Amino acid sequence: GQQVMQIPQYQHVQEGEDFTTYCNSSTTLSNIQWYKQRPGGHPVFLIQLVKSGEVKKQKRLTFQFGEAKKNSSLHITATQTTDVGTYFCAAFSGTYKYIFGTGTRLKVLA
Amino acid sequence: NAGVTQTPKFQVLKTGQSMTLQCAQDMNHEYMSWYRQDPGMGLRLIHYSVGAGITDQGEVPNGYNVSRSTTEDFPLRLLSAAPSQTSVYFCASHKMGAAGELFFGEGSRLTVL
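Those protein sequence lines, which keep their order, are chains P and L.
Mapped onto the numbering used here, the consecutive letters of the first sequence carry residue numbers 769 to 878.
Mapped onto the numbering used here, the consecutive letters of the second sequence carry residue numbers 493 to 605.
Chain P on its own, in the form it takes in the complex:
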């Protein structure tokens, strides 16, 4: 079955440092989504990428979709304490299944 790997599993950064998480799929994807889950909370949608090579920005967050549509990344510039949480990618392969990556837990040290 489809597998979605996400690295790293954990990341501790000093406030102001950058952060990147990577998502890799074993199959070509129709689209990929990113979610953020605050500690004790539920996943909340951040963005969806559809096109090969697509890059989208939300303030300090930059999302990329690979040319082969099998990988994606989320980069946060100058992290803040409000960025703390777990970031998940979710792969949609066109069979009505959203398969989530294992997540990257981000801790930001003030």
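The reader is advised that the hints may include incorrect statements.
[As the list claims (entries may be wrong)] Computed cross-link-like contacts, DSBU-like style, restricted to lysine-lysine with a CA-CA straight-line distance of at most 30 Å:
#, chain 1, residue 1, chain 2, residue 2
1, P, Lys827, L, Lys501
2, P, Lys875, L, Lys506
3, P, Lys824, P, Lys875
4, P, Lys824, L, Lys501
5, P, Lys825, L, Lys501
6, P, Lys875, L, Lys501
7, P, Lys819, P, Lys804
8, P, Lys827, L, Lys587
9, P, Lys804, P, Lys838
10, P, Lys838, P, Lys865
11, L, Lys501, P, Lys838
12, P, Lys804, P, Lys865
13, P, Lys824, P, Lys804
14, L, Lys587, P, Lys865
15, P, Lys819, P, Lys865
16, P, Lys819, L, Lys501
17, L, Lys501, P, Lys804
FYI, nobody ran anything at the bench for these hints, they're computed from the structure.
As the structure is a computational prediction, the values presented were derived from the model and not from experiment.
Chain L: place on chain P using the hints.
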């Protein structure tokens, strides 16, 4: 709008007991799904439904049953709970055709002793 509502928020069961986790959405979404979240494992898809009367298995369906008699409700049943089913369960929905975001409920924390 209430969005996606899950009940109960917390539940403790003994091995072998049965229970149903409820999920309701008021957004007229055709697609509904159940995930379980365990430390280090991310969110794993249990079952999903693309409309009333239609359900299908996800990644980890064993030990769980679902039905979809209405657009609004998608209950998850544990017929004989096992300690391995201790987890946090999330229900999520989205509108078919929009290829858009999943809306999640706040989760149900289940402990099986």
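Outcome of the hint check:
1. P:Lys827 / L:Lys501: violated (34 Å)
2. P:Lys875 / L:Lys506: violated (35 Å)
3. P:Lys824 / P:Lys875: holds (23 Å)
4. P:Lys824 / L:Lys501: violated (35 Å)
5. P:Lys825 / L:Lys501: violated (35 Å)
6. P:Lys875 / L:Lys501: holds (26 Å)
7. P:Lys819 / P:Lys804: Within the cut-off at roughly 21 Å; holds.
8. P:Lys827 / L:Lys587: Answer holds: Lys827 (chain P) to Lys587 (chain L) is near 27 Å, not above 30 Å.
9. P:Lys804 / P:Lys838: This hinted pair holds, its Cα atoms lying about 20 Å apart.
10. P:Lys838 / P:Lys865: holds (16 Å)
11. L:Lys501 / P:Lys838: Given that 30 Å is the threshold and the Cα spacing comes to 36 Å, the pair is violated.
12. P:Lys804 / P:Lys865: holds (19 Å)
13. P:Lys824 / P:Lys804: holds (16 Å)
14. L:Lys587 / P:Lys865: Given that 30 Å is the threshold and the Cα spacing comes to 13 Å, the pair holds.
15. P:Lys819 / P:Lys865: holds (19 Å)
16. P:Lys819 / L:Lys501: At roughly 38 Å apart (the allowed maximum being 30 Å), Lys501 (chain L) and Lys819 (chain P) break the hint.
17. L:Lys501 / P:Lys804: Since the Cα atoms of Lys501 (chain L) and Lys804 (chain P) sit roughly 20 Å apart, the hinted pair holds (cutoff 30 Å).
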